[in-house]
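*Asks:* Protein sequences appear in the order of chains D and E.
Position 69 of the first sequence, counted from 1, bears residue number 109 in this note's numbering, the numbering being contiguous throughout.
Position 395 of the second sequence, counted from 1, bears residue number 375 in this note's numbering, the numbering being contiguous throughout.
Read the hints as simulated data drawn from the structure, not as lab findings.
In this text the structure is predicted, and so the values were computed from the model without any measurement.
Note that CB positions come from ideal geometry on N, CA and C, so glycine has one too.
It is possible that part of the hints are untrue.
Stated by the list, open to error - Straight line, CA to CA, 25 Å or less: simulated DSS-like cross-link-like pairs of lysine-lysine:
{"no.": "1", "chain 1": "D", "residue 1": "Lys189", "chain 2": "D", "residue 2": "Lys73"}
{"no.": "2", "chain 1": "D", "residue 1": "Lys155", "chain 2": "D", "residue 2": "Lys294"}
{"no.": "3", "chain 1": "D", "residue 1": "Lys140", "chain 2": "D", "residue 2": "Lys73"}
{"no.": "4", "chain 1": "D", "residue 1": "Lys212", "chain 2": "D", "residue 2": "Lys140"}
{"no.": "5", "chain 1": "D", "residue 1": "Lys140", "chain 2": "D", "residue 2": "Lys290"}
{"no.": "6", "chain 1": "D", "residue 1": "Lys240", "chain 2": "D", "residue 2": "Lys189"}
{"no.": "7", "chain 1": "D", "residue 1": "Lys301", "chain 2": "E", "residue 2": "Lys92"}
{"no.": "8", "chain 1": "D", "residue 1": "Lys140", "chain 2": "D", "residue 2": "Lys189"}
{"no.": "9", "chain 1": "D", "residue 1": "Lys130", "chain 2": "D", "residue 2": "Lys155"}
{"no.": "10", "chain 1": "D", "residue 1": "Lys262", "chain 2": "D", "residue 2": "Lys73"}
{"no.": "11", "chain 1": "D", "residue 1": "Lys294", "chain 2": "D", "residue 2": "Lys140"}
{"no.": "12", "chain 1": "E", "residue 1": "Lys92", "chain 2": "D", "residue 2": "Lys155"}
{"no.": "13", "chain 1": "D", "residue 1": "Lys290", "chain 2": "E", "residue 2": "Lys92"}
{"no.": "14", "chain 1": "D", "residue 1": "Lys189", "chain 2": "D", "residue 2": "Lys231"}
{"no.": "15", "chain 1": "D", "residue 1": "Lys130", "chain 2": "E", "residue 2": "Lys92"}
{"no.": "16", "chain 1": "E", "residue 1": "Lys92", "chain 2": "D", "residue 2": "Lys294"}
{"no.": "17", "chain 1": "E", "residue 1": "Lys92", "chain 2": "D", "residue 2": "Lys157"}
{"no.": "18", "chain 1": "D", "residue 1": "Lys212", "chain 2": "D", "residue 2": "Lys231"}
To be verified - Computed spacing ranges between beta-carbons, pair by pair:
{"no.": "19", "chain 1": "E", "residue 1": "Tyr145", "chain 2": "D", "residue 2": "Arg78", "range": "54 to 60 Å"}
{"no.": "20", "chain 1": "D", "residue 1": "Asp76", "chain 2": "E", "residue 2": "Leu281", "range": "34 to 40 Å"}
{"no.": "21", "chain 1": "E", "residue 1": "Glu295", "chain 2": "D", "residue 2": "Arg237", "range": "49 to 55 Å"}
Claimed, not checked - Partner residues are not named here, just some residues of chain E that face chain D (Cβ under 10 Å, in silico):
{"no.": "22", "residue": "Asp44"}
{"no.": "23", "residue": "Lys92"}
{"no.": "24", "residue": "Gly96"}
{"no.": "25", "residue": "Val130"}
{"no.": "26", "residue": "Thr137"}
{"no.": "27", "residue": "Gln235"}
{"no.": "28", "residue": "Tyr270"}
{"no.": "29", "residue": "Asp312"}
{"no.": "30", "residue": "Asn342"}
{"no.": "31", "residue": "Asp343"}
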Amino acid sequence: MLRKTNIIIWCLIFLPVTLVAQTPEERGLEIAKEVDARDIGFGDSANKITMVLRDQHGNERSRYMRNRTLEVEGDGDKSIIIFDNPGDVKGTAFLSFTHKEGPDDQWLYIPALRKVKRIASNNKAGAFMNSEFAFEDIASQEVEKYTYKYIGEDTYGEIAVFKNEADPVDPKSGYSRLEVWIDQQRFIPLKVDFFNRGGKLKKTLEFDEYEQYLEKYWRAGKWTMTNHITGKSTVLYTTGWVFNNGFTDKDFNKNSLSRAK
Amino acid sequence: MRRVWTRYRFIFFGFSLLASLKVFGNDISGYIGAELRYFPSSPVFSGQSSHNDSLTGYFEAYRDFNDGDQRIALTAFARVDSEDNQRSHADIRELYWWQNFDAFELYVGARKIFWGVTESVHLVDIVNQSDTLENIDTEDKLGQPMIQVVTVQDWGTLEAFILPYFREREFPGKKSRLRPGLPVLDEALFQDDDEQAHTDYALRWSHYVDVWDFGVSYFSGTNRSPVFVPVFNNGQVIALQPYYAQINQVGVDLQATIEAWLFKLETILVDEQGYGNYEALAGGIEYTFYTIASSNADLGLIAEYQFSSADGAREPIAQNDIVLGGRWAFNDLDASEVLFLVSQDLDHSNRFYSLELSRRLNDDWKLEAEFRVFDRIEPGTPEFDLRDDDYLQLELRRYF
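Next up, chain D with everything else stripped away, as it sits in the complex:
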């Protein structure tokens, strides 16, 4: 009896305190860290990408590429994307070193000239391959790149989610804020609303067809990006995921970029 009272008293005293103590900023950061933590340790991965671009008139183009990623302990990932079509860009390859802090390092291999060119690091707001994805949308998402504010609980379809606001730290980002729907069970993003610098809803990204790999890591098979302002959209499909490829730093430098096929 005494014990029970004790617990109740404890709860009465401390629960509100912990609730008050954790600000929406802290709770938001905590969720973002959990999302990040659950993806640590995947090592490396390779996958194929098909990107279907659609303009407002209903014209459609498919783009094929291959992606290789190397997880870097204590920093952002390294990745190479090789473009397999259309004919005039085939063989072009994009190398990026994402960093938790500061600008990413990026190089482009231009096959016609056999030239590797370092490209401006603040292209993040720029269009990726004429799609509705900006470079920053496809880059590896690092906790440090945003500040957070927990919005509340919600549901996405049948799934219970946390809604979290993420504000880009870099003023060169194309967005003022993102609203992210995060699965409460799996801690993976299901939907993102992107607000432009004017605060207007610009784009929505929905993640579908999640599959789990190595019994731990979730990868979305379908990313649907809709631009509400222009009416254009891009659907990105990822297929053929392979983990434990044995990639090393040597597979992700300017020299290997020039050899990527």
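Fit chain E to the given chain D structure using the hints.
*Replies:* Same frame as chain D, now just chain E:
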């Protein structure tokens, strides 16, 4: 019949190559193109024609072996031109074997190597001979036979080259525009007795630290750019003869990438045997505006300065010039792009404009238009012979 064969052997060459590649490569790509070039002004020199119509073919194939530790690659190019037999040419751009060892990589065969950072002129880029029959921008290169060793270390990338054979520059024939007024002799002069068989050497160290990407290169051998020696007959200059000197060249290229800015610098110091030293420099900035007016479009601007201390017969077109340009990329489905460039000589009134438009018609077809104008060209400058060679070019390519 013989003439027909001369003209169409390149097409034959192309198709037989294509057939062999089908067997050879697990990955083949390339294009076939039709190009129309029209010169609106009357020619300055007799025999020059007002247009060139060409068919081009480009094939690329490779095959990897041993879990990706070995590769054989082949790249070939051919052009058939309606006007100029000289411009009808075929070249093996690349045919090499590559092997990855743990500590280094080895390439043996013909390759194309690019060094440098600037857009308007390529100073440090010396390994390959320019294919000047293709374009005056010196971005097309002839395949260079080589043995190349590459090692990537914590302290950067080191590349060493042995270049056992020299490839001469090719010049357009009498009917072509964009050529010197005097005929250029086929037979070149060489400073070294070994002539084309002279073995050249090159070494390059490149690295990146933070925002800096840089390279230091050394080349010892036959200069890729010839000096034109006048050929006299009865006191009259009747032709030009290319003369290839032996040089040692040290090159430095540097780029700083800071936010939307690229700062670029290339410089070379050339020591020509029996002549002396000269240096050249090119540097500038590139700035890109992204998602203009909340559209998908990007605008890139460049400004570059070009300088060379070489004078007389060695003076290049880019001796004291400023180049301004812009690239508007619409980032639409078919990648429409406009590239504009103006180059102003600071010693002379010479000015050069270039406008390029390109877009895909669909994923396989691409259309490119190029408009180039030589304006206010002064007598006595290297480009004086090109003063009326403004041209409009249309090219349609089918990629496969």
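*Asks:* Does Asp343 of chain E meet its interface restraint, that is, does its C-beta lie within less than 10 Å of any C-beta in chain D?
*Replies:* Nearest chain D Cβ about 4 Å off; hint holds.
*Asks:* Answer holds if the nearest beta-carbon of chain D is closer than 10 Å to that of Gly96 of chain E; otherwise answer violated.
*Replies:* Holds, because the Cβ-Cβ distance from Gly96 of chain E to chain D comes to roughly 8 Å (cut-off 10 Å).
*Asks:* Is the shortest C-beta separation between Asn342 of chain E and chain D less than 10 Å?
*Replies:* Nearest chain D Cβ about 8 Å off; hint holds.
*Asks:* Using the beta carbons of Glu295 of chain E and Arg237 of chain D, state whether their distance is inside 49 to 55 Å or not.
*Replies:* At roughly 50 Å between Cβ atoms, Arg237 of chain D and Glu295 of chain E fall inside 49 to 55 Å, so the hint holds.
*Asks:* For the restraint on Tyr270 of chain E, tell me whether the closest CB of chain D is nearer than 10 Å.
*Replies:* Holds, because the Cβ-Cβ distance from Tyr270 of chain E to chain D comes to roughly 4 Å (cut-off 10 Å).
*Asks:* Hinted pair, alpha-carbon criterion (25 Å max): Lys140 of chain D, Lys189 of chain D. Please report holds or violated.
*Replies:* Holds, at roughly 19 Å.
*Asks:* Holds or violated: Lys262 of chain D with Lys73 of chain D, Cα cutoff 25 Å?
*Replies:* holds, 24 Å
*Asks:* Please verify that hint: Thr137 of chain E, Cβ, nearest Cβ of chain D, below 10 Å or not.
*Replies:* Constraint on Thr137 of chain E satisfied, holds at 6 Å.
*Asks:* Let's test the interface hint: is any C-beta of chain D closer than 10 Å to that of Lys92 of chain E?
*Replies:* Where the cut-off is 10 Å and the nearest Cβ of chain D is about 5 Å from Lys92 of chain E, the hint holds.
*Asks:* Take a quick look at whether Lys212 of chain D and Lys231 of chain D sit within 25 Å of each other, Cα to Cα.
*Replies:* Holds: Lys212 of chain D and Lys231 of chain D sit about 23 Å apart, inside 25 Å.
*Asks:* Starting from the hint 34 to 40 Å, judge whether the C-beta atoms of Asp76 of chain D and Leu281 of chain E obey it.
*Replies:* Since Asp76 of chain D and Leu281 of chain E have Cβ atoms about 38 Å apart, the given range 34 to 40 Å holds.
*Asks:* Minimum Cβ distance from Asp44 of chain E to chain D below 10 Å?
*Replies:* holds, 7 Å
Violated hints for the displayed structure: none, as all numbered hints are satisfied.
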